[in-house]
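Next come the chains, spelled out residue by residue.
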Amino acid sequence: MDYSIKIGGEAGQGIQTIGETLSKVFSSAGYHVFTHQDYESRIRGGHNFFQIRFSEKSVMASRDKIDIIVAFDKASIEQHERELSEYGQIIYDSSTLKQKYEKSYFLDIPFTELAVKHGKNKIMANTVAIGAVHGMLGMELDILIKIIKDTFIKKGEDIIKANIDSAIAGHDYAIKQCLKCSFATAPFTKPKMLIAGNDAIGLGAIASGCKFYAAYPMTPSTGIMLYISSKAKEYGIIVEQAEDEISAINMALGASFAGVRAMTGSSGGGFALMVEGLSLAAMTETPIVIALAQRPGPATGFPTRTEQAELQFALYTAHGEFPRVIFAPGTPEQAFYLTNKAFDIAEKYQIPVLILTDQYLADSQWTYDNFDISKIKYIDYRLRGDALKSLKEYKRHAFTNNGITPLAVLGDSKHLVVADSDEHDEEGHIIEDAETRVKMVDKRLFKKLPLIHKEIEPPLFYGHQNPEIVISGWGSTYGVMKEVVDELLSNWDIAMLHFSEIYPFPPTNKFNYLKVLKDAKITICIENNATGQFAKLMRTETGYSFNQLINKYDGRPFTIEFLMGEIDALIR
Amino acid sequence: MPSLDDYKGQDPAWCPGCGNFSILKAFKDAMVELSVEPFQLTVVSGIGQAGKFPHYIRCNTFNGLHGRTLPVATGIRLSNHEMLVIAVAGDGDCYGEGGNHLIHAMRRNINVKLFVHDNQIYGLTKGQASPTSMEGIITKNQPFGVLSEQLNPIALAVALDCSFVARGFAGDTEHLKWLIKEAINHKGFTLVDILQPCITFNKVNTFQWYRQRVYRIEAEYNPEDRIEAFKKSLEWGDRIPIGIIYKNNRPIYEEKIPVIKDIPLVRQPFDITRIEKTLKDFY
Numbered sequence: 001m002d003y004s005i006k007i008g009g010e011a012g013q014g015i016q017t018i019g020e021t022l023s024k025v026f027s028s029a030g031y032h033v034f035t036h037q038d039y040e041s042r043i044r045g046g047h048n049f050f051q052i053r054f055s056e057k058s059v060m061a062s063r064d065k066i067d068i069i070v071a072f073d074k075a076s077i078e079q080h081e082r083e084l085s086e087y088g089q090i091i092y093d094s095s096t097l098k099q100k101y102e103k104s105y106f107l108d109i110p111f112t113e114l115a116v117k118h119g120k121n122k123i124m125a126n127t128v129a130i131g132a133v134h135g136m137l138g139m140e141l142d143i144l145i146k147i148i149k150d151t152f153i154k155k156g157e158d159i160i161k162a163n164i165d166s167a168i169a170g171h172d173y174a175i176k177q178c179l180k181c182s183f184a185t186a187p188f189t190k191p192k193m194l195i196a197g198n199d200a201i202g203l204g205a206i207a208s209g210c211k212f213y214a215a216y217p218m219t220p221s222t223g224i225m226l227y228i229s230s231k232a233k234e235y236g237i238i239v240e241q242a243e244d245e246i247s248a249i250n251m252a253l254g255a256s257f258a259g260v261r262a263m264t265g266s267s268g269g270g271f272a273l274m275v276e277g278l279s280l281a282a283m284t285e286t287p288i289v290i291a292l293a294q295r296p297g298p299a300t301g302f303p304t305r306t307e308q309a310e311l312q313f314a315l316y317t318a319h320g321e322f323p324r325v326i327f328a329p330g331t332p333e334q335a336f337y338l339t340n341k342a343f344d345i346a347e348k349y350q351i352p353v354l355i356l357t358d359q360y361l362a363d364s365q366w367t368y369d370n371f372d373i374s375k376i377k378y379i380d381y382r383l384r385g386d387a388l389k390s391l392k393e394y395k396r397h398a399f400t401n402n403g404i405t406p407l408a409v410l411g412d413s414k415h416l417v418v419a420d421s422d423e424h425d426e427e428g429h430i431i432e433d434a435e436t437r438v439k440m441v442d443k444r445l446f447k448k449l450p451l452i453h454k455e456i457e458p459p460l461f462y463g464h465q466n467p468e469i470v471i472s473g474w475g476s477t478y479g480v481m482k483e484v485v486d487e488l489l490s491n492w493d494i495a496m497l498h499f500s501e502i503y504p505f506p507p508t509n510k511f512n513y514l515k516v517l518k519d520a521k522i523t524i525c526i527e528n529n530a531t532g533q534f535a536k537l538m539r540t541e542t543g544y545s546f547n548q549l550i551n552k553y554d555g556r557p558f559t560i561e562f563l564m565g566e567i568d569a570l571i572r
Numbered sequence: 573m574p575s576l577d578d579y580k581g582q583d584p585a586w587c588p589g590c591g592n593f594s595i596l597k598a599f600k601d602a603m604v605e606l607s608v609e610p611f612q613l614t615v616v617s618g619i620g621q622a623g624k625f626p627h628y629i630r631c632n633t634f635n636g637l638h639g640r641t642l643p644v645a646t647g648i649r650l651s652n653h654e655m656l657v658i659a660v661a662g663d664g665d666c667y668g669e670g671g672n673h674l675i676h677a678m679r680r681n682i683n684v685k686l687f688v689h690d691n692q693i694y695g696l697t698k699g700q701a702s703p704t705s706m707e708g709i710i711t712k713n714q715p716f717g718v719l720s721e722q723l724n725p726i727a728l729a730v731a732l733d734c735s736f737v738a739r740g741f742a743g744d745t746e747h748l749k750w751l752i753k754e755a756i757n758h759k760g761f762t763l764v765d766i767l768q769p770c771i772t773f774n775k776v777n778t779f780q781w782y783r784q785r786v787y788r789i790e791a792e793y794n795p796e797d798r799i800e801a802f803k804k805s806l807e808w809g810d811r812i813p814i815g816i817i818y819k820n821n822r823p824i825y826e827e828k829i830p831v832i833k834d835i836p837l838v839r840q841p842f843d844i845t846r847i848e849k850t851l852k853d854f855y
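Chains as they are written, first to last, in our numbering: chain A, 1 to 572; chain B, 573 to 855.
By construction, these hints were calculated from the structure, which means they are not laboratory data. Some clues are possibly wrong.
Here are the computed lysine-lysine pairs in the PhoX-like style, where the Cα-Cα straight-line distance is at most 20 Å [to be verified]:
| id | chain 1 | residue 1 | chain 2 | residue 2 |
| --- | --- | --- | --- | --- |
| 1 | B | 849 | A | 375 |
| 2 | B | 828 | B | 759 |
| 3 | A | 518 | A | 536 |
| 4 | A | 443 | A | 348 |
| 5 | B | 759 | A | 231 |
| 6 | A | 454 | A | 375 |
| 7 | A | 161 | A | 103 |
| 8 | B | 852 | A | 233 |
| 9 | A | 348 | A | 447 |
| 10 | B | 712 | A | 231 |
| 11 | B | 712 | A | 233 |
| 12 | A | 146 | A | 190 |
| 13 | A | 74 | A | 120 |
| 14 | A | 176 | A | 348 |
| 15 | A | 392 | A | 375 |
| 16 | B | 852 | A | 190 |
| 17 | A | 122 | A | 155 |
| 18 | B | 698 | B | 712 |
| 19 | A | 122 | A | 65 |
| 20 | A | 233 | B | 759 |
| 21 | A | 395 | A | 439 |
| 22 | A | 74 | A | 57 |
| 23 | A | 65 | A | 98 |
| 24 | A | 190 | B | 849 |
| 25 | A | 149 | B | 852 |
| 26 | B | 849 | A | 377 |
| 27 | B | 712 | B | 775 |
| 28 | B | 580 | A | 231 |
| 29 | B | 852 | A | 146 |
| 30 | A | 510 | A | 454 |
| 31 | B | 580 | A | 395 |
| 32 | A | 414 | B | 849 |
| 33 | A | 233 | B | 698 |
| 34 | B | 775 | A | 231 |
| 35 | A | 375 | B | 580 |
Counterexamples of contact, computed for chain A against chain B with all Cβ distances above 10 Å [said to hold, decoys possible]:
| id | residue |
| --- | --- |
| 36 | 104 |
| 37 | 179 |
| 38 | 192 |
| 39 | 199 |
| 40 | 276 |
Being a predicted model, the structure only gives us computed values, none of them experimental. Even for Gly, the Cβ is constructed at its ideal location relative to N, Cα and C.
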C-alpha cells in the first residue's frame with residue numbers, strides 16, 4: 001500500500017480541511033503519512049491542491065502518480081488528469097462542475113445532492129467527499145466518526161449527526177458505484193502523530209521555554225506565530241503582532257534583553273527589514289532565534305510557493321562581522337529538535353541563531369511515533385535572582401576567557417545592565433578607542449566562534465557505505481533525497497549527505513564527510529534554487545566542488561519521480 | 573533614597589551649552605524626587621545626540637538603533653511590566669525613522685514614557701532638516717529651504733488619542749522636571765516633546781527664539797478636553813504652549829494581556845513536562 005490522494009479546488013472550497021481530515025484519519029490508523037500543499041496567493045478562487053501520500057512503510061516525499069483525485073474544480077481535472085496512476089480514479093460532482101466526464105476512471109458522485117439529502121446542508125459536500133474516499137479505499141468510518149465527534153463537540157449533536165450521515169452517504173455511494181476501485185488498505189495499527197514543519201518549529205520553541213514571539217504576518221512563516229499563539233494562554237507566552245518586521249525583531253531583542261527567551265520569524269522580504277536588528281543582536285550580545293521561511297523572491301516573487309534561495313542571504317546579511325548559527329531542518333522532527341538547539345545556542349553564546357525553512361517544509365505534514373522530550377535541552381544561562389544579588393560586581397560585557405559574560409536580568413538586583421549598539425566598554429558604555437574595539441571584537445567573534453563550531457553536528461549520511469554516487473542537499477530536500485536513495489540502492493552504490501546544521505560549516509573531525517565525497521565517482525548537489533547556493537558554500541568552506549548540480553526553481557518542490565529522472569540522466 | 577550621585581554617569585560628549593544638559597539635569601532631579609533607584613528603571617534610546625542620553629546617567633540601558641527605541645522599550649516592558657521603562661529619542665529618530673513605531677506605541681498604549689529631544693535639526697549628522705524643521709529653513713542639505721510642512725507631533729498624538737501629550741522646554745528646567753514627573757506618574761504611554769535648541773546647527777530656533785514665544789499653559793486649562801487639546805496643539809509661532817496638552821485614562825496594553833495578569837513574564841517559571849500533554853494534540 002502506497003497511495004497518493006490529491007484534493008483539488010478553488011481557494012475557499014475547503015480543500016485544506018478535507019486534506020487535513022483525511023491525513024488525520026490515516027495517521028490515526030497508524031499509517032505513515034506525508035502531505036504537501038500547493039496554493040495560490042489569493043483568498044478565493046484560483047486552483048489549489050492538497051496532496052496526501054500514505055503507506056504502511058515510511059513516506060517522506062510526494063509522488064507524481066496519484067491514485068485518487070478529488071476534483072472540486074475543472075482545473076483539478078485539466079491539470080492533474082495526466083498524473084493519474086494505472087488504477088487511479090477521479091471523483092467529482094458533475095452538478096457543480098457542470099460537466100460530465102465519460103472516461104472509465106471518472107466517478108461522478110453527487111456530493112452536493114447527498115449533502116443536502118443526508119446532512120441537510122450543501123456545506124456537507126466536503127464530508128460526503130471524505131466519506132467517498134473512505135469507501136473507495138475500502139476503509140470503515142470508525143476513525144472518521146471519532147474525529148467528527150471530537151472536532152464538533154462544541155457545535156452540538158445536530159452538527160455531529162449531519163457530518164456523520166454525510167460521511168456515511170459518501171462512503172456507501174462510493175462502495176456501490178466505484179466498481180473499478182481496487183484499492184486495499186493495510187490493517188490499522190497504533191496511531192501516529194502527524195505534524196507540519198511550522199507547527200514543529202512552534203512546538204520546539206515552546207518546549208525551549210520561548211516566552212515572547214513578535215512578528216509581522218508573512219507567508220510561509222505565519223504558521224509558526226499562529227501555533228505559538230494557540231498555546232499562549234496555556235504556556236504564558238506573549239505573541240505580539242508588530243507593526244512591521246523592524247519592530248518585530250527589536251521587540252524580541254527588548255524582551256530577550258529583559259530576561260526572557262524570545263523569537264521572531266519572517267520570510268525573505270520581511271527578514272530583509274530585520275537585518276539591521278540582526279547586527280544589533282550581535283553587537284549587544286542579545287540572544288535571539290529567527291525563523292526564516294524561504295519562498296521564491298526577489299521582492300517578493302511567488303508568495304505561496306517554495307524555494308531554498310535564501311541561504312546566501314542568511315549567511316552574509318547584516319553589517320559587520322560577528323558569529324551566527326544557521327540551521328536548516330529537513331523534517332518536522334529535525335525542526336523540533338533544531339529549534340530547541342537554536343534556543344540553547346542563542347542563549348549560551350548570546351548570539352543570533354537562524355532557522356531556515358521554506359514553504360514546502362512549513363506546510364508539509366509527516367508522521368512519527370513520538371518526539372522524545374527527554375532530548376530537549378533547557379538550561380537557563382542567565383544570571384537572575386539571588387545568584388545575581390550575591391555578586392559584588394557586575395559588568396555586562398566583562399572580558400572573560402571564553403568571551404561569554406553572563407547575561408544578567410535587569411531589575412533583579414542593584415546591578416545595572418547596559419547594552420549599546422555602538423562599540424562599548426566592559427560596562428556597556430560607548431567608547432571610541434582602538435584598543436577596546438579590538439578586544440571586544442575578539443570577545444564577540446574570535447573567542448566564541450571555536451566554541452560554537454564545536455556544537456555543530458556533521459551531515460547525516462545514509463545509503464551505501466562506500467558509495468560511488470553521493471547526492472547532497474540541505475533543508476527540506478531531505479525526504480525526497482532519502483526516498484530516491486532507497487529506490488536507487490538496488491541498482492547503484494548510492495548514498496546521501498544531508499546538511500541541517502549549516503553554519504558554522506560542520507567540522508570533519510566528528511565524521512569525515514569530505515572523504516566520502518572525494519572517494520565517490522559522482523557527487524551531485526540537489527537544491528531548490530537556481531544557482532546552487534549550498535554548493536558554493538561547500539566550495540568556500542572546504543574547497544570541495546560537487547561534480548554535478550540539480551537545481552529546481554519553478555517554485556515547486558522536488559517529487560520522487562522528478563528527482564529520480566534527473567539523477568538517472570546524470571549517472572547513466 | 574537615591575541621591576544625585578547615584579545617577580552620575582559618564583561625562584557628556586554634547587556641545588557646551590547644548591539644551592540636552594538641562595534635560596539631563598531635570599531628568600536626574602525628577603528620578604531622585606520620585607525615589608526611583610537606578611536599577612528600577614531602564615532607559616532605552618536610539619541613535620543621535622539624544623541617543624547618548626542613557627550613558628550620562630547610571631541605570632539599566634539599552635542604546636539601540638536609530639528610530640527603534642519604542643519597539644525595544646515595548647519588548648522590555650512586556651517582559652517586565654514592573655520595570656519603569658523610559659524611551660529617549662531625538663526628533664529625527666522618533667518622528668522620522670521611527671514614525672511608524674510611534675504611531676503604534678500610541679495605539680497600543682504601552683506604559684512606556686517617551687521623551688523626545690526636539691531640536692528641529694539633525695545634529696549628529698551635522699545640520700540637515702528634521703521632520704520638525706520649520707518650512708523654509710535653509711540648511712546645507714535644503715538649499716531651497718525645507719519644502720515639507722513641519723510635523724506637529726503634539727497634534728499627531730492628540731489625533732491618535734495618545735494617553736499623555738506634553739511639551740517641555742529645555743530652557744525651563746523646573747517646569748520640565750515637573751512634566752517628567754507628571755509623565756512618569758501617569759498610567760499610559762506618554763509623549764513629552766521637549767524643545768531643545770541645537771546651538772551649533774539650528775541658528776533659527778535658538779534659546780532666545782523660544783524664550784520670546786514659549787509660555788506655560790494656563791492653570792484653568794483642562795487637558796482632558798480633547799477638542800480643546802486639538803486647538804492647543806495647533807498653537808505654534810508667536811506663542812508656543814508648554815505643559816500638559818492632553819491626557820486620558822485609556823487602559824494600558826500590559827493590563828489587557830491575560831498572560832501577565834499576575835506575574836511579570838520574566839518571573840514566570842517554565843515547566844517542560846507539560847510538553848508531553850501538548851504532544852498529544854498531534855495524534
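Hint-by-hint comparison with the structure:
| no. | hint | in the structure |
| --- | --- | --- |
| 1 | B/849 x A/375 | 16 Å, holds |
| 2 | B/828 x B/759 | 14 Å, holds |
| 3 | A/518 x A/536 | 16 Å, holds |
| 4 | A/443 x A/348 | 14 Å, holds |
| 5 | B/759 x A/231 | 29 Å, violated |
| 6 | A/454 x A/375 | 19 Å, holds |
| 7 | A/161 x A/103 | 35 Å, violated |
| 8 | B/852 x A/233 | 17 Å, holds |
| 9 | A/348 x A/447 | 13 Å, holds |
| 10 | B/712 x A/231 | 54 Å, violated |
| 11 | B/712 x A/233 | 54 Å, violated |
| 12 | A/146 x A/190 | 15 Å, holds |
| 13 | A/74 x A/120 | 26 Å, violated |
| 14 | A/176 x A/348 | 63 Å, violated |
| 15 | A/392 x A/375 | 36 Å, violated |
| 16 | B/852 x A/190 | 14 Å, holds |
| 17 | A/122 x A/155 | 17 Å, holds |
| 18 | B/698 x B/712 | 9 Å, holds |
| 19 | A/122 x A/65 | 31 Å, violated |
| 20 | A/233 x B/759 | 25 Å, violated |
| 21 | A/395 x A/439 | 15 Å, holds |
| 22 | A/74 x A/57 | 33 Å, violated |
| 23 | A/65 x A/98 | 26 Å, violated |
| 24 | A/190 x B/849 | 18 Å, holds |
| 25 | A/149 x B/852 | 17 Å, holds |
| 26 | B/849 x A/377 | 18 Å, holds |
| 27 | B/712 x B/775 | 12 Å, holds |
| 28 | B/580 x A/231 | 44 Å, violated |
| 29 | B/852 x A/146 | 16 Å, holds |
| 30 | A/510 x A/454 | 10 Å, holds |
| 31 | B/580 x A/395 | 17 Å, holds |
| 32 | A/414 x B/849 | 39 Å, violated |
| 33 | A/233 x B/698 | 49 Å, violated |
| 34 | B/775 x A/231 | 56 Å, violated |
| 35 | A/375 x B/580 | 48 Å, violated |
| 36 | 104 | 39 Å, holds |
| 37 | 179 | 36 Å, holds |
| 38 | 192 | 7 Å, violated |
| 39 | 199 | 7 Å, violated |
| 40 | 276 | 6 Å, violated |
Checked against the numbered hints given earlier, the structure breaks hints 5, 7, 10, 11, 13, 14, 15, 19, 20, 22, 23, 28, 32, 33, 34, 35, 38, 39 and 40 and satisfies all the rest.
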